[in-house]
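Numbering (this note's numbering), first residue to last: 2 to 296.
Warning: the hint list may mix true and false statements.
Claimed, not checked - With a cut-off of at most 20 Å between alpha-carbon atoms, the simulated EDC-like pairs for lysine to aspartate or glutamate come out as follows:
#	residue 1	residue 2
1	Lys88	Glu134
2	Lys241	Asp229
3	Lys241	Asp214
4	Lys241	Asp279
5	Lys88	Asp102
6	Lys290	Asp229
7	Lys88	Asp110
8	Lys88	Glu40
9	Lys209	Asp237
10	Lys59	Glu40
11	Lys241	Glu265
12	Lys203	Glu220
13	Lys59	Asp80
14	Lys209	Glu220
15	Lys36	Asp80
16	Lys203	Asp237
17	Lys290	Glu189
18	Lys88	Asp155
19	Lys45	Asp145
Calculated directly from the structure, the hints in this document are not laboratory data.
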Amino acid sequence: MTNTVALIGAGAMGGAIGERLLATGNRLFVFDPDKAKVEVLVAKGAEAAASAAAAAGKAGFVILSLNAAAIVRRAVFGDGGVAAGAKPGTLIIDMSSIDPDATRQLAADARERSFRWVDSPLSGGAPKALVGELTLMAGGEADDIADAHKVLRDVASNYTHMGPAGAGQTTKLINQVLCGLNFMAVAEATRLALDAGVDALKIPQALKGGRADSAILQEYLPRFVTRDYRRTGRIDNMVKDLNAAQDLARRTHTAMPLTAVCAEVHRLLTAAGLGGEDQAALMEFFRRKDEEHET
């Protein structure tokens, strides 16, 4: 059975999700204030909507792929937002990465308006979305989680119900702590390999299957060596998520000294104008003064 999906937000991540949904036979209505982003999906078979309300009114599922809690709230409850057009009982699936407390409030506000809400942030980025291999961590009611899977199974190979509303977002923050620290470790080790004269490009194969192995090691060490900064994510998005993780740590009285260092390095890179670059640009923190290159 074909699903009808409203996609609100067609940026790098939302666009990849939309492309995959179209490739797997879903009917897609898409809204983004940036018309150029909408047109990319229209060229692949999507239908443009004049507003989030118009998109939601035609769909059985609403997927949000946005960048901050305030933007999510505006897209759902603001003028021309999802709530203005969606039918009662519509399932809203928020695939954004936002604060867990904000998510719990959004879910409560949605229920007051007779909508259902699942927070389902992701890991894997646009490349994994395009081949249907995202990892999703979901929060919400069990029945809603099961219904959400009817469409999310087209974009994800790993989908886990973590608990009530907000649990998915909390798990995503844990994911981002692990990823942020792994990016830092791999970049630092790459610098050591280069300085020590080891053939750094052989390291992923040499360590494959050992305890030091990871998806980030395999994908990013070669990119660190060659300074391949093609964007699949953004440093400033990592800053946002690490900030949120530190806020949560303060509320739970959790000591996270390594995360603090990682966050500061990412903030330094953002202050240096690299916030819009891919995580691969983390290598700039370890660049030697005698190295000349273009990013």
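Hints not upheld, ascending by number | Checked against the structure, the hints that fail are numbers 1, 2, 3, 5, 8, 9, 16, 18 and 19, while the rest are satisfied.
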